[in-house]
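Those sequence lines, one after another, are chains A and B.
So the first sequence is residues 93 to 458, counted in this note's numbering.
So the second sequence is residues 231 to 533, counted in this note's numbering.
Worth flagging that the hints you see were computed from the coordinates, not collected in a lab.
Note that the structure is a prediction, hence the values are computed from the model and not measured.
Glycine included, C-beta positions come from ideal geometry on N, C-alpha and C.
Mixed in with the good hints, there may be bad ones.
Distance ranges between label pairs, derived from CB positions [unchecked claim]:
1. 361(B) with 424(A): 31 to 41 Å
2. 330(B) with 206(A): 41 to 51 Å
3. 415(B) with 122(A): 25 to 35 Å
4. 420(A) with 363(B): 45 to 55 Å
5. 432(A) with 330(B): 31 to 41 Å
6. 527(B) with 219(A): 31 to 41 Å
7. 421(A) with 361(B): 50 to 60 Å
8. 527(B) with 384(A): 56 to 66 Å
9. 424(A) with 356(B): 48 to 58 Å
Listed next, the stretches of chain B that the computed footprint assigns to chain A, with coverage defined by at least 3 CB atoms under 8 Å from CB atoms of chain A [unchecked claim]:
10. 237-247
11. 298-309
12. 334-345
13. 353-365
14. 497-503
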Amino acid sequence: MKRRTFLATGSAVAASAAFGLPARAQDGEPVKIGFVYVGPIGDGGWTFQHNEGRLAVEEHFGDRVETIYQESVPEGPDAERVITQMALQGADLIFTTSFGYMEPTVNVAAQFPDVKFEHATGYMRADNLATYDARFYEGRAVIGTMAGMLTKTNKIGYIGSFPIPEVIQGINSSFLHARKVNPDVEMVVIWAYTWFDPAREADAAQAMIEQGVDVILQHTDSTAPQAAAAAANEAGAEIYTFGQASDMASFKPMPRVSSIIDNWAPYYIDRVQQVIDGTWESTHTWGGIADGEVEIGEITDAVPAEVKAAAEDMIARISSGEYHPFTGPINRQDGSVFLAEGEVATDEQLVSMDFYVEGLTGEIPN
Amino acid sequence: MLGSIDPLLLLASLMVAATPILFAAIGELVVERAGVLNLGVEGMMITGAICGFIVAVQTGSPWIGFAAAALGGAVLAALFGLLTQYLLSNQVATGLALTLFGLGLASLLGQDWAGIRAPRVPDLPLGPLSDLPILGPVLFRHDPMVYLGLALCLAVWVVLTRTRAGLILRAVGENHDSAHALGYRVRAVRMAAILFGGACAGLGGAYLSLVRVPQWTDGITAGAGWIALAIVVFASWRPGRLVIGAYLFGGVAQLQLNLQAAGARVPVELLSMSPYLATILVLVLLSSGRAPGSLGRSFHAAR
Chain A
93 MKRRTFLATG SAVAASAAFG LPARAQDGEP VKIGFVYVGP IGDGGWTFQH NEGRLAVEEH
153 FGDRVETIYQ ESVPEGPDAE RVITQMALQG ADLIFTTSFG YMEPTVNVAA QFPDVKFEHA
213 TGYMRADNLA TYDARFYEGR AVIGTMAGML TKTNKIGYIG SFPIPEVIQG INSSFLHARK
273 VNPDVEMVVI WAYTWFDPAR EADAAQAMIE QGVDVILQHT DSTAPQAAAA AANEAGAEIY
333 TFGQASDMAS FKPMPRVSSI IDNWAPYYID RVQQVIDGTW ESTHTWGGIA DGEVEIGEIT
393 DAVPAEVKAA AEDMIARISS GEYHPFTGPI NRQDGSVFLA EGEVATDEQL VSMDFYVEGL
453 TGEIPN
Chain B
231 MLGSIDPLLL LASLMVAATP ILFAAIGELV VERAGVLNLG VEGMMITGAI CGFIVAVQTG
291 SPWIGFAAAA LGGAVLAALF GLLTQYLLSN QVATGLALTL FGLGLASLLG QDWAGIRAPR
351 VPDLPLGPLS DLPILGPVLF RHDPMVYLGL ALCLAVWVVL TRTRAGLILR AVGENHDSAH
411 ALGYRVRAVR MAAILFGGAC AGLGGAYLSL VRVPQWTDGI TAGAGWIALA IVVFASWRPG
471 RLVIGAYLFG GVAQLQLNLQ AAGARVPVEL LSMSPYLATI LVLVLLSSGR APGSLGRSFH
531 AAR
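Model the full assembly from the supplied sequences, consistent with the hints where possible.
Below, the structure is given as C-alpha cells:
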C-alpha cells in the first residue's frame, strides 16, 4: 500500500472514530452489507435462514456487493460493540437479526447517521433505522391446526425462548387453532430462556415427552428438539414436531411433519437494491404467508390426508386475506375480552401482546 | 400437578445432564491442580463433539467416536500446552484463543454433518441391579459413559490424594519453583495434566453430540465449558465437591424444566435462574479451599 493511501485511510478511520462517521465506500466500490447473528450460521434454524438470505444477496448482486457477518453475538452490550465495529469497517447497510439487538441498534444508528440499519422483529425506528418482521403467527395457526388434529394424548408442547410479543403471538396462535379443531387439547409451555442451546432444548423436549406431550412446537433455533423426538420415536414413542425458522428437512418424514420457514431473501435483495439505487427509506415491513416471507414446509406423508387438507385450506385462506388468525371472539387468560365476535386484531395489538389467551395455563414471565 | 413428575425419571435424567459438565470439569480440575489455567475448555469440548460425531458416524461405533473425541480434545490441549509451557504465552489469552479456535474449527469440520443421526450409545446392562426397585431405574440403567465419568472422578481423587504421582502434580501446582528445585520435571507434569484435561473435555463434548442431544449442531456446547470452569472454582479444586456441583447443576436444570412442564406455580424467572443460584450457593457454603499457589503462572526453568 502506498504511504499516502495508508495515511489517507488512517485519517478516514480516525475521523470515523472521532466524529461517528463511517468510512464510506468510494464510488464504484461494492456496497458493504453487514449482518449480525444471534446464533451460529449452522444452527439449522433462525440464523441459518438469515444467512441463506445473505448468500442470496451475494448471488443476486455478485461483485456489486460485499457482505460481512458476525455470528453468535449475545444480546446486550456485546452487540453494540459488534454493530459499531461493522459501521467503522465501512458498512453501508447493517441488518441486526434478533429482537434483543433493538436498543444496541438504536444507539449505534444515532452515532452513524450515514449508515443504514435494519432491525429484525423490533419496533424502534429512526431516519436511518428501519424494522422488518415476519408474521410467524400465521404459520403457527397452520401448524397449530395440524397439532390439534395429530395429538393422541391431547397434550401439545411449546418450547418458548423469551417472553416477547413475537413468541407470545406464536403460543396464542398455535393454541387457539389447536383448540378450534380439538376442544380437549392442552398446551404445555416451557420457557428455555435461550434462543440457542441444543442441550437445554433437547432436555425441554424430553421433559415434555415425559409429561405425555406428543406434539412439540418450538420457538428456539436449534434442531435439538427434533433429535430428541427422533430418539423417543426410535424407542417406540410417536412424537410429532415442526421445523422452526428453517425447514429442518433432515428429520422428515417423522418426527418433523412440516415446518415454518422464514424466507428473508426477497426482503434482503429488495432493500440492498434500494441502497444501491439511493431510494432506501426507513420503513416497517411485516410480511406473511401472502408475501412469501413465511412459508409452510412440505407436509409429509406421516400426516393423515384430512390433516393435510385442513392445513392447506388454512394456508389458502390466510394467503388470500380471507382469514386472520387473530379474529374474535378471543378472550384473555383472565376471561376479559380481547377481541369481540368478528373483530380482527390490529398490528398495534399484536406487537404489544403480553398475555395468554383463555384456556392456557401458567403465567408469562415478566 | 407436581405428582405428574416422575422422580425416578427426573433423577435418571439428571445423571445424563450432569455427565458432559462432569467430564470437562474433572479434566480442568487436574489441569488447575497442576498450576495451569486453561480457559479453552469450551473449544476443546466442541472439538471433541464434532470429532467424536464424525468418527462415530463413519465407523458406526460410538466407542471409536468417544476415543476420537478424547484425541481431538487432547490435540487442541497440546497446542495450548506448547504455547503456554514452552513458548510461555499468557495462559488466559491463549485459553480464550483456544476457545475461539475450537469453535471455528468445529464449525468448519461440521458443515456437512448437521441433521445426521449418530449410532446409538447402548445402555450398560447391569443385570439384577437394573431391576432393583427405585435404585435400578435411577442408577443402573445408563450408558457406560455416565459410569466412566463417575469412575474418573473417583480415580482422580485417589491419584491426587493417595499416590506419589498425585503428590508431585499438587507440588507442581502449589509451587513450581520448589518442585523444580526438588528435581521434578514441571513442564512434563503440566503437559500430561493439560493433555488429560483436553481428553476429558473432548469426552464431555462427544457426550453431548452422541448421547444427550444426540446430533451435531454448530455451537452445540453453548457455554457448557464455561459452566465446567466455574464448577471447578466453586468446588475448591476438590473432586468430591466437583461431583456435587455438576450433579446439582444438572439436577436443578432438569428439575426446573420438569416443573415448568408440570405447570408448577413457581415464577419461571426463578426456575430459570435456579440451576446457577443453587450450585453457587451450595458450593460457596461448602467452599473452604484456596486456589493452587502457582495457578496461571508461567514457569521459567532458568530462574
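Hint-by-hint comparison with the structure:
A C-beta distance of roughly 51 Å is found between residue 361(B) and residue 424(A), which places it outside the suggested range of 31 to 41 Å. About 31 Å separates the C-beta atoms of residue 330(B) and residue 206(A), a value inconsistent with the hinted range of 41 to 51 Å. At roughly 56 Å, the beta-carbon separation of residue 415(B) and residue 122(A) lies outside the given 25 to 35 Å, and the hint is violated. Look at residue 420(A) against residue 363(B): about 54 Å separates their beta carbons, and that is inside 45 to 55 Å.
Restraint check, residue 432(A) to residue 330(B): a C-beta distance of roughly 55 Å breaks the suggested window 31 to 41 Å. Roughly 54 Å separates the CB atoms of residue 527(B) and residue 219(A), a value that falls outside the hinted 31 to 41 Å. Look at residue 421(A) against residue 361(B): about 55 Å separates their beta carbons, and that is inside 50 to 60 Å. In this structure the supplied range 56 to 66 Å holds for residue 527(B) paired with residue 384(A), their Cβ-Cβ distance being about 60 Å.
For residue 424(A) and residue 356(B), the hinted distance range of 48 to 58 Å is satisfied, since their beta carbons lie about 52 Å from each other. Chain A is given as covering the region 237-247 of chain B, and this holds because 3 residues of the stretch bring a CB closer than 8 Å to a CB of that chain, at least three being needed. Requiring three or more residues with a Cβ within less than 8 Å of a Cβ of chain A, the coverage given for the region 298-309 of chain B is violated, as only 0 such residues are present. Taking a C-beta to C-beta cut-off of 8 Å, the region 334-345 of chain B contributes 5 residues in contact with chain A, enough for the three needed, and the coverage statement holds.
Given as covered by chain A, the region 353-365 of chain B fails the check, having 0 residues with a CB less than 8 Å from a CB of that chain where 3 are the minimum. For the region 497-503 of chain B, the assignment as covered by chain A holds, since 4 residues bring a beta-carbon within under 8 Å of that chain's beta-carbons and 3 suffice.
Of the numbered hints listed earlier, those contradicted by the structure are 1, 2, 3, 5, 6, 11, 13.
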